[in-house]
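Novice: Taken in order, these protein sequences are the chains called Y and U.
Residue 906 is where the first sequence ends in the working numbering, and the numbering goes up by one at each step.
Residue 502 is where the second sequence ends in the working numbering, and the numbering goes up by one at each step.
It should be emphasised that the hints constitute simulated quantities derived from the structure, not laboratory data.
Careful, some of the hints might be misleading.
To be verified - Partial list, derived from the structure: chain U residues whose beta carbon lies under 8 Å from chain Y: (1) Thr129; (2) Thr133; (3) Pro139; (4) Pro154; (5) Leu155; (6) Ser470; (7) Lys501.
Each residue gets a CB set at the ideal place from its N, CA and C atoms; glycine is no exception.
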Amino acid sequence: MQRTAVQGAPGLLSAVTGRWSEGAPAQTGTHPFRKSLAELRIGDQLVTAARPVTQEDVEHFAHFTGDTFYAHMDSDAARANPFFDDRVAHGYLIASFAAGLFVDPAPGPVLANYGVDHMRFLAPVYFGDTLQVRLTCKEINPRANADHGEVRWDCQVTKQDGTVAAQYDVLTMVAKTWGQAAQAAE
Amino acid sequence: MTMNAAPRRLESLICGRWTPGERQGVPLLDAATGALVAHIDASGIDMGAALDWGRRTGGPALRAMSFHDRAAMLKALGLALMARKEEFYTESYRTGATRADGWVDIEGGIGTMLTYASKGRRELPNTRLLTDGDLEPLSKDHSFSAQHILTPLQGVAVHINAHNFPVWGVLEKIAPALLAGMPCIVKPASQTAYLTELVVRATNDTGILPAGALQLICGSVGDLLDHVTGQDVVTFTGSAWTGRTLRSHKAIVENSTRFTMEADSLNASILGPDAGPGTPEFDLFVREVAREMTSKAGQKCTAIRRVMVPAAHIDAVQDALALRLAGATPGLPAAEGTRMGPLASLDQREEVRARIRELQAVAHIVAGDPDAVPEGLEGGAFMAPVLLRADDPMNAVAVHDCEAFGPVATLLPYDGVDQAVALAAMGKGSLVSSVFTDDARVAEEMVLGLAPFHGRVMIGNRVSAKSSTGHGSPLAGLVHGGPGRAGGGEELGGMRGVKH
Chain Y
721 MQRTAVQGAP
731 GLLSAVTGRW
741 SEGAPAQTGT
751 HPFRKSLAEL
761 RIGDQLVTAA
771 RPVTQEDVEH
781 FAHFTGDTFY
791 AHMDSDAARA
801 NPFFDDRVAH
811 GYLIASFAAG
821 LFVDPAPGPV
831 LANYGVDHMR
841 FLAPVYFGDT
851 LQVRLTCKEI
861 NPRANADHGE
871 VRWDCQVTKQ
881 DGTVAAQYDV
891 LTMVAKTWGQ
901 AAQAAE
Chain U
3 MTMNAAPRRL
13 ESLICGRWTP
23 GERQGVPLLD
33 AATGALVAHI
43 DASGIDMGAA
53 LDWGRRTGGP
63 ALRAMSFHDR
73 AAMLKALGLA
83 LMARKEEFYT
93 ESYRTGATRA
103 DGWVDIEGGI
113 GTMLTYASKG
123 RRELPNTRLL
133 TDGDLEPLSK
143 DHSFSAQHIL
153 TPLQGVAVHI
163 NAHNFPVWGV
173 LEKIAPALLA
183 GMPCIVKPAS
193 QTAYLTELVV
203 RATNDTGILP
213 AGALQLICGS
223 VGDLLDHVTG
233 QDVVTFTGSA
243 WTGRTLRSHK
253 AIVENSTRFT
263 MEADSLNASI
273 LGPDAGPGTP
283 EFDLFVREVA
293 REMTSKAGQK
303 CTAIRRVMVP
313 AAHIDAVQDA
323 LALRLAGATP
333 GLPAAEGTRM
343 GPLASLDQRE
353 EVRARIRELQ
363 AVAHIVAGDP
373 DAVPEGLEGG
383 AFMAPVLLRA
393 DDPMNAVAVH
403 DCEAFGPVAT
413 LLPYDGVDQA
423 VALAAMGKGS
433 LVSSVFTDDA
443 RVAEEMVLGL
453 APFHGRVMIG
463 NRVSAKSSTG
473 HGSPLAGLVH
483 GGPGRAGGGE
493 ELGGMRGVKH
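Same shape as in the complex, but just chain U (with noise of 0.2 Å):
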């Protein structure tokens, strides 16, 4: 299984050449069964020559190319990678991803990135410059008038990522970057860098990218900030306490840098007042709340937290989803038939159940228990399914506020559509909501109040049940991010992604 390979000393992949840090670094662990996978270290990299690298090599060489060259460039990496697809699944299965969530992180990473391809060249023209808009008259007589256009800014995309998707998260960012004549600076986290790392040794391997267009630090970014200009753009996936930091940092305040953020949310999922038990669309919202509090044991930036029912049916929806829970205890991600992985470390899950303590103060555990650890899995960071309750909703302050990064949500009652919206509001602006009726009026309604606080929302009912992409996928062609709390950002969203 994932006995296999000896520990891997990561390096980054600087100026073009593979660097070591100069300390051995920080250990790695497997996050099922607490094996040394790697460490991780990039002190000693000289942070502002990568990023001149980036501007004086990568940049010219993205710049001459033209959106349909760049396109094609994107194409043959997409299927390049996809054609080691498995070697990736091997190391995905460490940081605790069983096949399906691998799948997501993987294939829907190489997928985004061929979606981009193809979309680059049916959607933009093949030139080196965007036109954007319609001319402008500005003269009676047509002598005088604007056009705008758009240009790739002559900087580097530093991307700072999450833990999460170690694949989705580097080729979702640069797959548009690229796209858009930039080059690229890729900062994983540290928990799973070991896979992401793979990822760009894959695509280094294969050459298809020019010089400077993509370079990978493995560990800290040290001053990197320091050093960033107008010209560059910096992105970040993370904790809003952390993209906070790095959002009001000196040199981005200074430069004005574009600064893209994506942060913690508290993503609702709304049962329709009109989808009582015995409707499809009550068993579509529980098998939904189930599937997303489980797919990578929670841990998705788009994961449902707050389970929105009306107040009549809660006890109905309460049992039918302790009953899908109690399916779902988590095994060795890489064994036949486990529905759901650990946590990516067990530091990870200390977090985790110092959050649902936070939240129990306003509600109480219905299912599951955080403590509990499965028979001969010590070592990993397993945890069961945990589904709160908080019967006063417009007072359970943390459960609007705190993001418990684990297979955890917190079941909410609520009376009317207003009240509803009112509650998803709460979280002070997410990336995603869904909402579960066959109503046309609740969809109108439940859709005008939670769009100004969502970048995406889903409806569900029988119509669209086989068809519907879900809760919780991002999808190339539609926006990733959403107002406030949850970031302010907007990633992917088909071309938007590469103009902006």
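Only chain Y is shown next, with the shape it has when bound in the complex (with noise of 0.2 Å):
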């Protein structure tokens, strides 16, 4: 195959590609968990509420999870670590509260979260600090022999001054079709 650089603006990339990226137009409406693959388009964007993060989250986690490193136990141990200024939020934790903002709860076309990709926490999340997510459908790879086709996500989870303090591809299975139709069938 020929191997060709392209350059444009993202939008006319992600029309070459199929694939959206940062740049390129995001349209925002219906939350993009309710649309099926017939209705979901490249670019379907949600932009999540915010929610600020504390110490006793922070703590619960630890204790739920058992990961109780320093980091994120101990201030004075914190501050002596070369990236932190604090006690820092879990990355663990920033993941899973991304999720509470984005998901959808109702069963719907999203079947199922097959994975992510290319997980990178970015900067320090301190105890006050308020985490926000915009969701962005980045690719949809229906298959040729099943009802459903994997789509992923590009995940951005932003703190209140507008610093990533996360970003990932989120991976799903979701349904071809989803309608009174297709639960009738169930």
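Both chains come to you apart, so use the hints to assemble them.
Specialist: Next comes the structure, spelled out in structure tokens:
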């Protein structure tokens, strides 16, 4: 195959590649988790409400999961760490809160979350910081011989000042169709 | 047994039609019996028209499909061929291959196609172009960015293959090419082309591939290469000399036609300094060397040609190998219990004998007689395994330079890991080498030294004794190819084989 570098405005690159990228147009409206592959489009986007992270949240998560690493539990020890100014939230807590912010809980066309790609925690989250998620449909890959396909979502978690706290791709299986008829057939 | 069919007149599949050559052509003989199997000739075929047919008919049809569509097509074809495998085995015996040899060629080839089918489904998107890597932002405000993409070339992939794997050789090349969306023209080596022709007939019968996606030339390619363009791809498997000639062909040079080559390779297997007699690694090494020498009668591009052993253990290895090889007398390929069949042809045997004479300038035979012919098998190209030994390996130039494409290998003593690596590098680039060691330091030093000269390095020890796929097996997911003398090309290697 021929490898070609294509340069242009992200919206036009998305038209070529079928993959949404930062800077390409996005559209909000119906929660994208309510859309089957028949309705879902590249660039469908959800911007969630914001949620604060408290000391109680972090301690609860630490004891609940068993991850009591000192950077989450011990102020003096955390400050001695070259990356932190104080105790920080767990990266997995950030990802968990993010999921709590972006999911739409009722049964719907999103069938399963089968993984994440390229997860990076880019800035420390301190007690009192507030998290918000921007979730954008990045790539849709319908399967030829199944009633579902894979959807890759760009997930960006930001703090109150716009700093990106975490960035990753969320991978889901989404039904090709969903509606009264599909539900009645079950 | 193999006295079934009357001699066939092989035909080429060109522009959708089975086409005989204008002349009766060259006779092809059963490797074991000398009986006439087929005649081969491709004279009078319009090679420019064949390329054009592939470009105009096969290419657009394949490019209209998504990667998943093409993967599904390969799966259907692989399963259809697997259902007819016994026909291929019957014909395969005539090439000199035993049932076990045929398994590598036939089921190994179909398996490679099926692996590409499932990897294509899993690892590629259901689209017609691939993105390669992440978006490159080129502006602060995200208004100008870049993305690498991969699209199928609009020419034909021309595959010129060797005689030793008439089935695998075709399928391992067309599977990634078809998945990429390129039509193919296959030219098998004449000697065993009757088996390739049978497989292509079976493929064509299924109707699974779109018209123009696969063409076959049985006989000389004639002026085919004069007509290649910058959108075509040419791959070659065979001798370094022929490869160099093709690579410098005028049209290939002038059009910068992509040329991939897999040629002679003087693969080494190295016994680690830690692996003396009595260790599991010693036994594994001896078994692997003997297997590589006798499998396909040593006619594998990955076969072990240079057997490197710590000087202190060379007599022990020689004795153990000689004992094993003594049990591998050649016999009729279809007969029960035959461990090694004949070479592909009498000409091939003459060629191997000549190479052995070259090796004898710097090495002496310690097991086997290249001129001995088993009684009652005088009509076939039989040759017993021949083990040589060169006691001054750093000066034994021929051993590092001359490939005897048969059941032939040379023992070389070495002194220290550095010298083993230096000796391996004297092969000037190989497809594969193996190291048998249970010492982590030896493994690290050897691999670091060997890797720049090899496409693949296999480490053998007691842990992987049962699960190892062995020195000689190219796998769909791993690189097959090597630098320098080995041709400089890369095949397979998973999706890299599709993308290049």
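Novice: Now look at each hint and say whether the structure bears it out.
Specialist: The hints, checked one at a time:
1. Thr129: Since chain Y brings a Cβ to about 6 Å from U:Thr129, closer than 8 Å, the hint holds.
2. Thr133: Result: holds, 5 Å to nearest chain Y Cβ.
3. Pro139: Given a least distance of 7 Å, the restraint on U:Pro139 holds.
4. Pro154: Result: holds, 6 Å to nearest chain Y Cβ.
5. Leu155: Where the cut-off is 8 Å and the nearest Cβ of chain Y is about 6 Å from U:Leu155, the hint holds.
6. Ser470: Violated: closest Cβ of chain Y sits about 30 Å from U:Ser470, beyond 8 Å.
7. Lys501: Because about 5 Å separates U:Lys501 from the closest Cβ in chain Y, which is inside the 8 Å limit, the hint holds.
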